[in-house]
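Q: With the hints as extra help, turn the sequences into a complete structure.
As they're listed, the protein sequences go chains A and B.
For what it's worth, the working numbering labels the leading residue of the first sequence as 1, then goes sequentially.
For what it's worth, the working numbering labels the leading residue of the second sequence as 74, then goes sequentially.
Check before you lean on any hint, since a few could be wrong.
When the alpha-carbon atoms are kept at most 20 Å apart in a straight line, the in silico SDA-like pairs for lysine to any residue are as follows [what the hints assert, rightly or not]: (1) A:K40 / B:R225; (2) B:K220 / A:A39; (3) A:K35 / B:K220; (4) A:K14 / A:I2; (5) A:K35 / A:G18; (6) A:K40 / B:K220; (7) A:K23 / B:T231; (8) A:K35 / B:Q228; (9) A:K40 / B:L230.
Just so you know, these hints were derived from the structure itself, not from any lab.
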Amino acid sequence: MIIVNLDVMMAKRKIGLGELAEKIGLTQANLSILKNNHAKAVRFSTLDAICKALDCQPGDLLEWVDSPSDHPE
Amino acid sequence: MKQKELSTILQAILILCLLALLLLGAWVVPSIGAETAEGVPSLAWLFWPALIAFWLTCLPVVAVLGIVWQLSNEIRRDNSFSTENARRLKWISVLALGDTAAYLVSAVVLMALNALHPGIALLFFAILLFGVAVAVIAALLSHLVRKAADLRAEQELTI
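A: As structure tokens, this is what we get:
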């Protein structure tokens with residue numbers, strides 16, 4: 001499964017949820033959904049805006065980890 | 074708001090339907106039954122069983138009216154596409170199918186008793202067709218609403 005490491009990057013860049021949301025033009029609620037790994041999909045435009053705001057690469061934000069749900073019996 | 078108007082109109086129609094059903098169950102059907110019992114004394118004993126059976130088949134209709142009332146409330150809240158509404162529509166389908174089955178059984182029983190007047194048979198046939206049509210349409214709508222609810226959830230969770 002894909003996990004979102006947005007909180008790690010935000011901590012590195014010392015930026016809060018509200019400030020980032022304002023910078024990229026998202027609501028805090030939606031950014032929070034993304035940060036807490038509840039999102040089902042991410043638009044390229046959102047990824048683009050976050051990478052621009054945090055000066056990072058998509059790979060810094062997204063990570064694949066093996067999980068039991070990836071191996072249905 | 075258009076959906077508020079639609080919801081209000083729907084609820085007004087539902088109240089009329091309920092009143093019509095009450096009128097049918099409390100006055101129209103019993104008086105037709107009483108007339109038939111007077112005209113055909115050999116079938117007079119069927120009056121109460123038939124009337125009670127009719128009242129029992131009215132219960133699912135009242136339940137469906139209640140469910141449609143809840144659906145119209147959801148329309149008012151702009152929450153048409155939800156899995157809860159899909160479940161409600163499925164219940165309407167099940168209730169319609171159950172009621173249709175009840176009328177089919179009643180028709181068979183009346184036929185066995187040699188009491189199925191051609192006029193009543195025609196009425197039963199119309200009720201059966203209507204019941205099956207409601208069941209099929211409600212099942213179809215339930216499927217569509219569930220699919221739409223899935224799409225909506227996916228869209229809302231695309232950031």
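Q: Does each hint hold? Answer for all of them.
A: Structure-based check of each hint:
1. A:K40 / B:R225: This hinted pair holds, its Cα atoms lying about 12 Å apart.
2. B:K220 / A:A39: 19 Å, holds
3. A:K35 / B:K220: Given that 20 Å is the threshold and the Cα spacing comes to 27 Å, the pair is violated.
4. A:K14 / A:I2: 24 Å, violated
5. A:K35 / A:G18: 12 Å, holds
6. A:K40 / B:K220: 16 Å, holds
7. A:K23 / B:T231: Roughly 19 Å separates the two Cα atoms, so the pair holds.
8. A:K35 / B:Q228: 17 Å, holds
9. A:K40 / B:L230: Cα-Cα ~5 Å, so holds.
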